[in-house]
Amino acid sequence: MTSARWDDDEQLLADLTDAVQPAPDVPEHLLRSAQAALTWRTIDEELALATLQFDSALHETVGVRGAGDEAVRTLAFTWDELSMEIEVGKDGVIGQLIPAIAAEVALATQQGDYAAATADEVGSFVLRRPAAGPVRLVCRHGESSLTTPWLVL
Amino acid sequence: MSAPPSNAELVAAAARGDQPAWDRLVERYLPLVLAVAGRYRLSGRDTEDVSQTVWLRLVEHLGQIREPDALPRWLVTTTKHESLRVISAHRRTRPVDPLDSAELDSEQAADDLDEGILQDERRLALRAGLAELEPRHRELLLLLVADPPLSYVEIGSRLGMPVGSIGPTRARSLSRLRDTAALRGYLGSDEDLYPGTGDRLDHGTGRHGRMPS
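Residue numbers (the working numbering), protein chains in the order written: chain A, 17 to 169; chain B, -13 to 199.
Keep in mind that the hints are not guaranteed to be accurate.
[As the list claims (entries may be wrong)] Which residues of chain A face chain B? A partial, calculated answer using Cβ under 7 angstroms:
#1 25
#2 28
#3 32
#4 33
#5 42
#6 51
#7 53
#8 65
#9 73
#10 146
#11 150
#12 168
[Unchecked claim] Some chain A residues well away from chain B (every beta-carbon gap over 12 angstroms; in silico):
#13 101
#14 110
#15 130
#16 143
FYI, nobody ran anything at the bench for these hints, they're computed from the structure.
Predicted model, so just to flag it, every value in this text is computed and none were measured.
Beta carbons: idealized from backbone N, C-alpha and C, even for Gly.
Between the sequences and the hints, there should be enough to build the whole structure, so can you do that?
Printed below as a string of structure tokens:
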């Protein structure tokens, strides 16, 4: 435990010796992008944030593959009165809203909406996805705007 | 030199949209996020995605952070999870490299990884603690850990301090260091605050949308 570790003057000094070694440089473009992330604060004021209920990428045993060649990552999100389940494929996302409502669902990147679709009568939708970068799914219906957290698919 | 702003001050200001405060938070903790992601040996592109996702997540939660001192731990946990997700997602779409997975899956490798991340957290907390100290305490500690090491005679002459008082001052400086907000925050942030996915700072009181059905 660290607190006991630092009760000892010699250990604290040893860790301090390690800590004052020069840190590797932070790439400038990562710093700029991270600092620009704050612009999403105001943009997001009207969006209700979902809770991530399940992500197979964090739960399944690493290395286990599905019946086919390609296992499918599944995620589930919930808001107060709506749930969304998605399956992530190589080129796109297949999802379903529960209960089924005719909401517009958009897959957004930091540049804006990348793909959008209207959920069908059973709440299903299909969206293209980009190869990389953080995305989120935004659901618009009547006065409501709901979003998932940002994530890398 | 005035003490650097606390996490609580920076988080509160950033939550109001104060860009300089947010910039400062990013500068303070981006090295930690990159160090943790680096331990998973992600590609440059993946590191970029993980880092950016972590910062966007923090923006989402800015208004609800109850424990600003727990911020470094939250960043570490979120970075770990996002890194693992990226690795897992890649395994679905790319051939598994048996050597690579053997290495990642071994218990020893996992322990090394955890120990490495703890070391990253300790380094960051200690650097932040040093920055908080009064200059005389900071200068003494920096001389005491100089590489190559300096004798007490050299340290005494540089600081204009009698050699006999270096020992007691050293003890006092170390106890001041233990008492900085950075070290107290680090030691006080309990891993048990983050059960399950560990993605939350707000202990389960997130915004919930209502959608008319």
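A quick look at each hint next to the structure:
Evaluation of the residue 25 (chain A) hint against chain B yields a held restraint, the C-beta minimum of about 5 angstroms falling below 7 angstroms. Using the Cβ-Cβ criterion of 7 angstroms, the hint placing residue 28 (chain A) at the interface with chain B is satisfied: the shortest such distance is roughly 6 angstroms. Nearest Cβ of chain B to the Cβ of residue 32 (chain A): about 5 angstroms, under the 7 angstroms cut. The hint holds. The beta carbon of residue 33 (chain A) comes within 4 angstroms of a beta carbon in chain B, closer than 7 angstroms, and the hint placing it at the interface holds.
Hint status for residue 42 (chain A): holds, given a least beta-carbon distance of 5 angstroms to chain B, under 7 angstroms. The restraint placing residue 51 (chain A) at the interface with chain B holds, with a minimum CB-CB distance near 5 angstroms, inside the 7 angstroms limit. Nearest Cβ of chain B to the Cβ of residue 53 (chain A): about 4 angstroms, under the 7 angstroms cut. The hint holds. Evaluation of the residue 65 (chain A) hint against chain B yields a held restraint, the C-beta minimum of about 5 angstroms falling below 7 angstroms.
Hint status for residue 73 (chain A): holds, given a least beta-carbon distance of 4 angstroms to chain B, under 7 angstroms. Hint status for residue 146 (chain A): violated, given a least beta-carbon distance of 11 angstroms to chain B, over 7 angstroms. Taken as an interface hint, residue 150 (chain A) checks out: its beta carbon lies about 4 angstroms from the nearest beta carbon of chain B, inside 7 angstroms. Evaluation of the residue 168 (chain A) hint against chain B yields a held restraint, the C-beta minimum of about 5 angstroms falling below 7 angstroms.
Distance to chain B confirms residue 101 (chain A) as a non-interface residue, since its nearest Cβ pair spans about 16 angstroms, more than 12 angstroms. Residue 110 (chain A), annotated as away from the interface, keeps every beta carbon of chain B farther than 12 angstroms; the closest lies near 15 angstroms. Separation of residue 130 (chain A) from chain B is adequate, the least Cβ-Cβ distance of about 15 angstroms exceeding the 12 angstroms criterion. Listed as outside the interface, residue 143 (chain A) is consistent with that label: its C-beta sits roughly 17 angstroms from the nearest C-beta of chain B, beyond the 12 angstroms cut-off.
Checked against the numbered hints above, the structure breaks only hint 10 and satisfies the rest.
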